[in-house]
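There are 4 protein chains.
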Amino acid sequence: MTPVLSQDNIFNYGDYVLIYLDRKRRILAKLEQNKRISSDKGVIIADNIVGKEKGSQIVTSLNIKAWALKPLLVDYIEKGIKRVTQVIYPKDLGFIIFMLGIESGARVLEAGVGSGNTTIVLAHFVKPTGHVYGYDNREDFLKIARNNIAKLGLENFVTLKYGDVRKGVDEKNLDAAVVDIPDPWEALNTIYNSLKPSAPVAFFIPSVQQLLKLYEALEDFKGFTDIRAFELILREYELSKTSIRPSTHIVGHTGFIMFARKIIKSL
Amino acid sequence: MTPVLSQDNIFNYGDYVLIYLDRKRRILAKLEQNKRISSDKGVIIADNIVGKEKGSQIVTSLNIKAWALKPLLVDYIEKGIKRVTQVIYPKDLGFIIFMLGIESGARVLEAGVGSGNTTIVLAHFVKPTGHVYGYDNREDFLKIARNNIAKLGLENFVTLKYGDVRKGVDEKNLDAAVVDIPDPWEALNTIYNSLKPSAPVAFFIPSVQQLLKLYEALEDFKGFTDIRAFELILREYELSKTSIRPSTHIVGHTGFIMFARKIIKSL
Amino acid sequence: MTPVLSQDNIFNYGDYVLIYLDRKRRILAKLEQNKRISSDKGVIIADNIVGKEKGSQIVTSLNIKAWALKPLLVDYIEKGIKRVTQVIYPKDLGFIIFMLGIESGARVLEAGVGSGNTTIVLAHFVKPTGHVYGYDNREDFLKIARNNIAKLGLENFVTLKYGDVRKGVDEKNLDAAVVDIPDPWEALNTIYNSLKPSAPVAFFIPSVQQLLKLYEALEDFKGFTDIRAFELILREYELSKTSIRPSTHIVGHTGFIMFARKIIKSL
Amino acid sequence: MTPVLSQDNIFNYGDYVLIYLDRKRRILAKLEQNKRISSDKGVIIADNIVGKEKGSQIVTSLNIKAWALKPLLVDYIEKGIKRVTQVIYPKDLGFIIFMLGIESGARVLEAGVGSGNTTIVLAHFVKPTGHVYGYDNREDFLKIARNNIAKLGLENFVTLKYGDVRKGVDEKNLDAAVVDIPDPWEALNTIYNSLKPSAPVAFFIPSVQQLLKLYEALEDFKGFTDIRAFELILREYELSKTSIRPSTHIVGHTGFIMFARKIIKSL
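Protein chains in written order, with my numbering: chain A, 2 to 268; chain B, 2 to 268; chain C, 2 to 268; chain D, 2 to 268.
Isolated chain A, as found in the complex (with noise of 0.2 Å):
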């Protein structure tokens, strides 16, 4: 049976593609009229993408085999993003987004834009009706991280700021926070004004020294409860018909992360 062949599932001018070779080379390209896409396994030429149903064999010019993929929000984040910051990881993205119970609809603080990562991915998941309101104090990245946030066309989900979090966030009763800056300890108070009754807040938090001074900061701001810290370790698994193995070299740390959740302070 084949599946009904919609519209929807063919590639046209202006749509990205993910060109995946093998498991160490794929590529992120937009098909444009006369574009070259280089690999190390050969060129693959836009125009004759389009057309196609995703999913496509497609054959490069050195003819090496390649499949033609709708790039996933992953894909978008490991290939598409020009990144100027070290960035959230998609094991402790996914994990923030389920905590916070981040959903459509929502609408969701983030202190610290970067390159416009995480925000990508709270965009993502409360649009079409939710809205993520992004601060940051530099504007270099914030030129970047609007880039960025076109590239997956989800720009009228975002509001950037140029701003320093720790001294004011102009919204107030928001759904949940993300907070990536280096002395969260020192937001506290503009972000619990931010945020709704009950509700959560996410931080992303590199070194040990963070960790405590954050976790004390909580405690005696005493405007959160349900303080938890995690630590995610992934390991990607090699895989092949004769050996199925742990891969050797892994990402050991990336952060740890703390949630908190908003309560009402007493007078």
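In case anyone wonders, no lab produced these hints; they're calculated from the structure.
These numbers were taken from a predicted model, which means no experiment stands behind them.
Possibly wrong hints are sitting among the right ones.
Same chains, same label: a pair holds when it works inside one copy or across any pair of copies.
Within a straight-line C-alpha distance of at most 20 Å, the following computed PhoX-like cross-link-like pairs (lysine-lysine) qualify [unchecked claim]:
#: 1; residue 1: K266; residue 2: K53
#: 2; residue 1: K266; residue 2: K144
#: 3; residue 1: K83; residue 2: K242
#: 4; residue 1: K53; residue 2: K223
#: 5; residue 1: K83; residue 2: K168
#: 6; residue 1: K42; residue 2: K83
#: 7; residue 1: K162; residue 2: K31
#: 8; residue 1: K266; residue 2: K31
#: 9; residue 1: K242; residue 2: K214
#: 10; residue 1: K66; residue 2: K266
#: 11; residue 1: K223; residue 2: K242
#: 12; residue 1: K66; residue 2: K223
Position chains B, C and D against the provided structure of chain A, taking the given hints into account.
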């Protein structure tokens, strides 16, 4: 600055509340008239919570302080559903949702509904315009899953079907699939036929033998590419001002997650 | 070909035996006349083991098969010693022994004897010509440690001292040190003075706060170099012909291990 | 109080020295007349180290400070041996030594010598009265192993044999065995015959397929009990006063370790 007090931020009859006593004592309860919510730190009267702002402090009959929080997705998953089967854990669910690129509006296959735990999570992320099609060959499981799903008011975003996913899936052109059955290699053809070209699938598999068998079946089937397998190890930290340390006892293994993407089979 | 049957391979009165019923049922017992060894799978009569070859099959009073094994170091550690304190685990002990380069003939300081668990392991590896000098400021612990050490017949390779290692260590020119006390930063000077130049030391530390404090103290002390910190995560696999998988519940954290090597302090 | 300066604590010609520049720059060198030891931080003249106390500070030709340390077992393993094969890592070696209860005086079989890395570690722990019997079916490997072993002066405690361990082992009544060959299931009989009754064996196995196959072979062979499989994940921490954190890139997998103990086969 006090957050604007909207109706949405006030507990009403019919709402669920998460009563947070401490890290190990958290109770999920529905607010009903004259209801007494028991804990090993004393009783809480539901009527006393109604009308209070979410995130408010309450006291038990033993004068122990607690917090009345608005439940998050994770609270329903951990405390709100009846479990009759082994379930996929939050750490894995977040990763699966992220890697599949699940979004509001997506139409998703779930093979192996069990207690409805994963169904709830999928429905949470595809609502309000998407849909989850869940299959299970145990009617007793489907009944329990139905109740669990109703608890979160997600029933409009889910269709549960009594049937053997290895024999057939009614839907076509689905955006993604999550497969949690003991012998997923028997369902490759039906899953393949239900998916859009290029759509991703995630398999949840507990043992090494299943990992091997599924990998070999996927390679032989030739309808999927980008086959990857992962495992996530979650470490929670015990937090106190005098001692922060990874928890002594952790869940070391729940299962492996294997991903693949549908390709157009050559004729 | 049958192994030559030497006397050494036969169980005698006075020997310890490890009765192995299954992975979770292992009993360490001394073979004594008329002794009845109880298990939840029935009773084993010690006299029936005496005279049998090590590794022989035996049966309990309930006719359950078991194996009479010669105990290994790990069996004594896991089953043979009375524990009154938190002990360092095999995974960490093996790593410490290896990283310190402990060898037969070495003279080793142990700061914080506790139940004598680590003392036993150190004595095992330095015997017959080396020696362990163990300090503890709790006489009750030392008494228990003494009994535990005697059980393995290692008393000639150990000197236990009642005293505060932070105040002084009698020995000089030791080959290595293992430190397991709550405030190791207070003992840097005495440990330094007891060691040979260039000799290594291992610190076992449970919490992040202690890790930080010890690291800072070591840097400030300026008598050690090559300061490194590690953590080992051990995963056991559940084995059966139908399902091999990492154990669900594992020990996620016991402590951090910090190593350093004595250098000649500039005057 | 200054440590008594014994001759043993002074560097002599012929000694090995570990020159420690920083965590990533450590050089193992033999002290020889007129030898120039190169580093990317400048040259060190061996003659300048001779006569210095172990643990002394030295400076390179670029006036960079370094420490002249007495090498430990781990330094030889990491820096001193020529590797032509995949080797077992310190984390696993320490655990194997511990779990097998290796001790001074033990007679140990090594199946699969490779570069002699494990041989060196076994010899270190069995000396001065024990012995390692190492088999390999590659003469070129044995030659390299021989040189590596000689570097540490351990040649009197090792007998290397060119031969196929699957076909036969000359020794009987050995105390333990370490097996690191690709098809250990083919050597169960010869290993069994070489061991004392109740003696333990450790297998090092990289892939899941080998784990499965070995486990099944061990169960079918019926000459071993207490079959257990483990995996160790080692995390090193990056240390600085401003940031302590687990290293970003770690070795996620080297191999699985399977243990078993010889039992008396019923006739």
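Outcome of the hint check:
no., hint, in the structure
1, K266 - K53, "between (59 Å within a copy, 13 Å between copies)"
2, K266 - K144, "neither (37 Å within a copy, 42 Å between copies)"
3, K83 - K242, "neither (36 Å within a copy, 31 Å between copies)"
4, K53 - K223, "between (58 Å within a copy, 19 Å between copies)"
5, K83 - K168, "neither (28 Å within a copy, 45 Å between copies)"
6, K42 - K83, "neither (23 Å within a copy, 35 Å between copies)"
7, K162 - K31, "neither (28 Å within a copy, 39 Å between copies)"
8, K266 - K31, "neither (50 Å within a copy, 24 Å between copies)"
9, K242 - K214, "between (48 Å within a copy, 10 Å between copies)"
10, K66 - K266, "between (61 Å within a copy, 13 Å between copies)"
11, K223 - K242, "between (55 Å within a copy, 14 Å between copies)"
12, K66 - K223, "between (59 Å within a copy, 14 Å between copies)"
When each numbered hint is compared with the structure, violations occur for hints 2, 3, 5, 6, 7 and 8.
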